[in-house]
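Participant: Okay, here's what each chain looks like letter by letter:
Number of protein chains: 6
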Amino acid sequence: MSLVKIIEYEQASAEVRVVYDDIMKTRGVDWVNNFWKALANDPALLARVWAQVKQVMAPGALDPLVKEMIYVAVSATNGCEYCTYSHTAAARKKGMTDAMFLELMAVVGLANQTNRLANGLRVPVDPQFIPCEARSCRRA
Amino acid sequence: MSLVKIIEYEQASAEVRVVYDDIMKTRGVDWVNNFWKALANDPALLARVWAQVKQVMAPGALDPLVKEMIYVAVSATNGCEYCTYSHTAAARKKGMTDAMFLELMAVVGLANQTNRLANGLRVPVDPQFIPCEARSCRRA
Amino acid sequence: MSLVKIIEYEQASAEVRVVYDDIMKTRGVDWVNNFWKALANDPALLARVWAQVKQVMAPGALDPLVKEMIYVAVSATNGCEYCTYSHTAAARKKGMTDAMFLELMAVVGLANQTNRLANGLRVPVDPQFIPCEARSCRRA
Amino acid sequence: MSLVKIIEYEQASAEVRVVYDDIMKTRGVDWVNNFWKALANDPALLARVWAQVKQVMAPGALDPLVKEMIYVAVSATNGCEYCTYSHTAAARKKGMTDAMFLELMAVVGLANQTNRLANGLRVPVDPQFIPCEARSCRRA
Amino acid sequence: MSLVKIIEYEQASAEVRVVYDDIMKTRGVDWVNNFWKALANDPALLARVWAQVKQVMAPGALDPLVKEMIYVAVSATNGCEYCTYSHTAAARKKGMTDAMFLELMAVVGLANQTNRLANGLRVPVDPQFIPCEARSCRRA
Amino acid sequence: MSLVKIIEYEQASAEVRVVYDDIMKTRGVDWVNNFWKALANDPALLARVWAQVKQVMAPGALDPLVKEMIYVAVSATNGCEYCTYSHTAAARKKGMTDAMFLELMAVVGLANQTNRLANGLRVPVDPQFIPCEARSCRRA
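Residue numbers (my numbering), protein chains in the order written: chain X, 1 to 140; chain H, 1 to 140; chain W, 1 to 140; chain P, 1 to 140; chain V, 1 to 140; chain E, 1 to 140.
Check the hints yourself; a few may be wrong.
All copies of an identical chain are treated as equivalent in the list; a pair is satisfied when it fits inside any one copy or across any two copies.
Below, in silico cross-link-like pairs of lysine to any residue (SDA-like), each with a Cα-Cα straight-line distance of 25 Å or less [to be verified]:
{"no.": "1", "residue 1": "Lys94", "residue 2": "Ala12"}
{"no.": "2", "residue 1": "Lys5", "residue 2": "Lys93"}
{"no.": "3", "residue 1": "Lys93", "residue 2": "Pro59"}
{"no.": "4", "residue 1": "Lys93", "residue 2": "Glu15"}
{"no.": "5", "residue 1": "Lys94", "residue 2": "Pro64"}
{"no.": "6", "residue 1": "Lys94", "residue 2": "Ala61"}
{"no.": "7", "residue 1": "Lys93", "residue 2": "Gly60"}
{"no.": "8", "residue 1": "Lys94", "residue 2": "Asp63"}
{"no.": "9", "residue 1": "Lys5", "residue 2": "Lys94"}
{"no.": "10", "residue 1": "Lys93", "residue 2": "Val29"}
{"no.": "11", "residue 1": "Lys94", "residue 2": "Gln11"}
{"no.": "12", "residue 1": "Lys94", "residue 2": "Ser13"}
{"no.": "13", "residue 1": "Lys93", "residue 2": "Ser13"}
{"no.": "14", "residue 1": "Lys5", "residue 2": "Pro131"}
{"no.": "15", "residue 1": "Lys54", "residue 2": "Asp30"}
Source of the hints: derived by calculation from the structure; they are not laboratory data.
Could you put together the complete structure from these sequences and hints?
Facilitator: In structure tokens form, the structure reads like this:
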């Protein structure tokens, strides 16, 4: 029950197919998921978001599996159904076990709890947590 | 400008000091941060939340640094100022570099963006993302 | 699977029918959507929320279509399924094209991303952004 | 550092003063808090929001103190600083003790935790939780 | 379409059954809802979350029905479908009438509205709302 | 009290200065705001986010002022302090009057209220709101 058309490969313009092809090649899969088929209604949006996902989720200072788990953490926090399913699937493909998934959820649940305790009690930030730059101190 | 008293070690009951002592010992530090000093107004709440943090954040299927970064991801998503400062400090202590922190933020930002694109366009979940248990299929 | 009864026109009290009639007349339609039929379980709540919607969404300093798009932006940000469907439909009826809808979503996605970058990095507000009233300055 | 002018009683139009007077009289206080002084930049918005607060927060099926605590629960969940301070103050005035406040926060924290566990694991709703109306069953 | 297995009593380990039995006994029911059957994939998580729910939701400074309504308020604010159904059912079982539920929703709706007005206009916190401890004043 | 260094133009690398220069030129201003100076700690992130903002916020199917107001709506909903200040300033520069700002806030407040009423009552989506593509119907 999408609010825009789901654009299949066969119906897609050449411009859109280039992105679809790159998604499949980058991920080593032979299908494109609905998220991209919905974005394809605006080819510039599709290209822009995909370029960003491709760059941000690539190996870097953080491991790709860690990045997928962070994505799941945000999606569960926001209650995004589509994103929780899709990024949990992606994380599993990259090696997330049941034990890792449940531990991830335990951290997400706990963080959402203590976030509200801190917000609700209006706990003042300890000066020790503020980085040196901001406090004009010197790191030895 | 806390909404409850910040209970210092000197003012704390024996029951509360047991928790403060365990926090300092577990973390290898000689001070207790304000979050716990605020919770200490309800010693049962303090003990319960600390027991949970101690258990969930310990090494397990996930690395403690990964857990701290997940905590930061949730806190930034929720806009919790106290938690963002405290868990970023904790993550840095466990080895998070500037490059890792910025990459973490890039993933958090991206996930928050695509969460809303999926929600706003009401993209239907691809059957491929639904685990076998739920679809009554068999893993080979 | 509503948590309260969906009250149809035929079952509605005279007090509720007055609101239903006004909704249909104001919008130039011959049916009432489920949101109001759910609120009708508390006729005072129904009347109060409808009076507010009628007043706030009317033409004013902002164009009604712009208002509907702002409504969609908030609903997509909050992940409210019902509201995203209903206000997207309303916006389309007021002239929102596919191109406008996708551009709206692009802004919503981007804002949700940069909101978290600003929150997560704890970027200090530039004094230039604080209005004169608050800074005791003078506009020339 | 408000984004609109804070309109003091002395500067206020007659239309605005009527609302300020009603706020003070209804609450039995001799001052008006900043929230209303900010809304006063749009007298219709001020009158509409105040009429709503006055009606919704009055005694009804729920006790006014319970309502204030629900308000605090929502405000802490959303991380609204102003609202957390103002409604905690209001709840204290209506009799909320330290013990009640901390217990309220414990429930808020817990609910925010389990909300994400349910969202993240995508737990299916048990049919037993769906009311009879929706399931076409009969209450004996 | 859960992301983890729903573990039925018959399939559960002895460790998990102890928790299931305690849930049923504490609540005076003869079935366990899906939330716990999903958490059971991590027996330590199950035990920890249940211990917390059992302790926090028990009678204390606040009435159990009030606590359930606060739970519903948070769940509706976060848009958690599972939690809204399950805790509304629990609140109804503890005596929440239709009138109370609708009044609860009215407060939740209102708080979500004024939270954004305060956030959007950046209304400064009135010093009167800041408790004495924080302002170094004295309560007579 | 930023969590990363605020990188001034003088300290910036050539790569970062290119972006700073483009920001100033595109906006017709002679200064760069802190958001970008914080992102500059990761030059690739800076370039990527700026490219996106530049493209998305440019005139298109929607007017740039409308886009800024949508940005403010999202930022107020999320409670992002930095973003609310910066995009309100941007919207004012593009012509948003006090009346428009207050009307914008009225819509944002209302949408946040009805989002929770729909979520909390679990109102079923009316089939009339589901677009033809999804319902396999035909537009005449």
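Participant: Hints first: check each against the structure and report whether it holds.
Facilitator: Evaluated hints:
{"no.": "1", "hint": "Lys94 / Ala12", "result": "neither (29 Å within a copy, 28 Å between copies)"}
{"no.": "2", "hint": "Lys5 / Lys93", "result": "between (28 Å within a copy, 18 Å between copies)"}
{"no.": "3", "hint": "Lys93 / Pro59", "result": "both (15 Å within a copy, 23 Å between copies)"}
{"no.": "4", "hint": "Lys93 / Glu15", "result": "neither (29 Å within a copy, 30 Å between copies)"}
{"no.": "5", "hint": "Lys94 / Pro64", "result": "both (8 Å within a copy, 19 Å between copies)"}
{"no.": "6", "hint": "Lys94 / Ala61", "result": "both (17 Å within a copy, 15 Å between copies)"}
{"no.": "7", "hint": "Lys93 / Gly60", "result": "both (19 Å within a copy, 20 Å between copies)"}
{"no.": "8", "hint": "Lys94 / Asp63", "result": "both (10 Å within a copy, 16 Å between copies)"}
{"no.": "9", "hint": "Lys5 / Lys94", "result": "between (30 Å within a copy, 20 Å between copies)"}
{"no.": "10", "hint": "Lys93 / Val29", "result": "within (11 Å within a copy, 39 Å between copies)"}
{"no.": "11", "hint": "Lys94 / Gln11", "result": "neither (31 Å within a copy, 29 Å between copies)"}
{"no.": "12", "hint": "Lys94 / Ser13", "result": "neither (31 Å within a copy, 29 Å between copies)"}
{"no.": "13", "hint": "Lys93 / Ser13", "result": "neither (30 Å within a copy, 28 Å between copies)"}
{"no.": "14", "hint": "Lys5 / Pro131", "result": "between (48 Å within a copy, 9 Å between copies)"}
{"no.": "15", "hint": "Lys54 / Asp30", "result": "within (17 Å within a copy, 33 Å between copies)"}
Consistency with the previously given hints fails for numbers 1, 4, 11, 12, 13, ordered from lowest to highest.
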